[in-house]
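Fit chain B to the known structure of chain V by using the hints.
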Amino acid sequence: MRLKTLIYCASLCLFNTALWAAPPATPAADFTISNPSHIPGATLVPGSYTIHVVTRLSDRVILKVDAVNGDVHSTFLGIPNRELPKPATTGPVKWGNPADGSQYLKGWYFPGSASVVEFVYPKAEAVAIASANPAKVPAVDPASEGKVADNTLSQDDMQLLTLWLLSLEQVGPSSGGDSAKPGIKAERYTQVASVLKPVIKALPHTASRIPLVWLLGFSSLIAAFVLRLIASQNRASELNRSRSMLE
Amino acid sequence: MRLFAYLERALWMCGLICVGYCLVLGVQEWGTQRLAARIGEPLPSNTTPAVSHTDGDVIGRIEIPALALSAPITADYDVNSLHRGVGHIPGTAVPGGLGTVGLAGHRDSFFRPLRRIATRMEVRLIDKTGTYHYVVDSTEIVSPDKVDVLNIAARPELTLITCFPFDYVGAAPERFIVHAHLLSASPDGVSAIH
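Going line by line, the protein sequences match chains V and B.
With the numbering used here applied, the first sequence closes on residue 298, and no number is skipped along the way.
With the numbering used here applied, the second sequence closes on residue 223, and no number is skipped along the way.
The following block holds chain V by itself, in its conformation from the complex:
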């Protein structure tokens, strides 16, 4: 009886297509752009492109977009966001409002994926998007972590970059008082313990020698002046003495 159940389960698994149709670990898609659109660190002009997931990490994915004609090769970060409503069709998800007059892609919905992969923009672009859209915009700031800020960021660096969320809020000393004004609030995406390497071994030594040098110089000049006075007084007294002896 037990053997029969086992065989039944095994055959069920073997012939269940749903199990074999699970999404690939590194999904890819071809797409065509008819209007200029921005992705993190690059602008896509009308044409054909491919997008694929290069690496999946615990809290982020590394994505790559290539132009079919070879003009664009852009690698950037994305975060799977289960809170974003899944669109009816797979493909690009756009930000509702253009930022600085340009259309930015918000993310990508891969076939069979459980969530939309939201694109992570460099700080300046994320600020522009957050200023135009009432939502939290994922951002990174490689320059603030001692990394290059251009498109040559290595995948190792991408794995260690701190993720942030930028949103338009009233900011000010009292956060809501009279002095509050619209600003871009930044908060860390997660508190997941990334490998925090201290940037320096010890806090800088910040006592300068200038006051001591100044004091030494000033004292030397005073002492030299006093010596000169004593010497001239001695000379004068000697002169007086010799004069009185002559008289």
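I should point out that these hints are in silico values taken from the structure, not numbers from a laboratory.
In silico lysine-lysine, DSS-like type, Cα no more than 25 Å apart, as pairs:
1. V:K187 <-> V:K137
2. V:K198 <-> B:K157
3. V:K187 <-> V:K198
4. B:K175 <-> V:K198
5. V:K145 <-> V:K187
6. V:K252 <-> B:K175
7. V:K115 <-> V:K137
8. V:K115 <-> V:K145
Chain B in isolation, oriented as in the chain V frame:
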């Protein structure tokens, strides 16, 4: 008598060298201040936008209006940089950046007014992208090995570092730390309105 004459000459020489050294540093500091004061100013209309007021060493300016503190920010915190301004600690965030900005300064020159700093005071960091506003949260006194004051926190922050005690003669044993947080990631002049 001749000994006194030699001593006098040596003292004159020592005094003039020391005062001259201080004057040279003072002139350097004045030049850096002038350069930093021009950062963030609008460029003349006949200047191309690619031309910047900064040189490779001076990256911006720090201002604490309540303390009348204004100092250039240099790209590093080595001895020469700290004579010319407040040193940015490489590897920490850039002014207004997403992370913790680390700035170190001499307690007996640029950062001397920090002894009077209080919570909720405004700190401005000005660089070529604009002016960023920070608000002081707290101060603390730590040992030099407590480098975690520069760690990235839950929000963008600024850490000011100087030696403590302020009146100590020689290499002070502790560090005075000022923690502040960034109000807006967008600089002044960049609209943050829907």
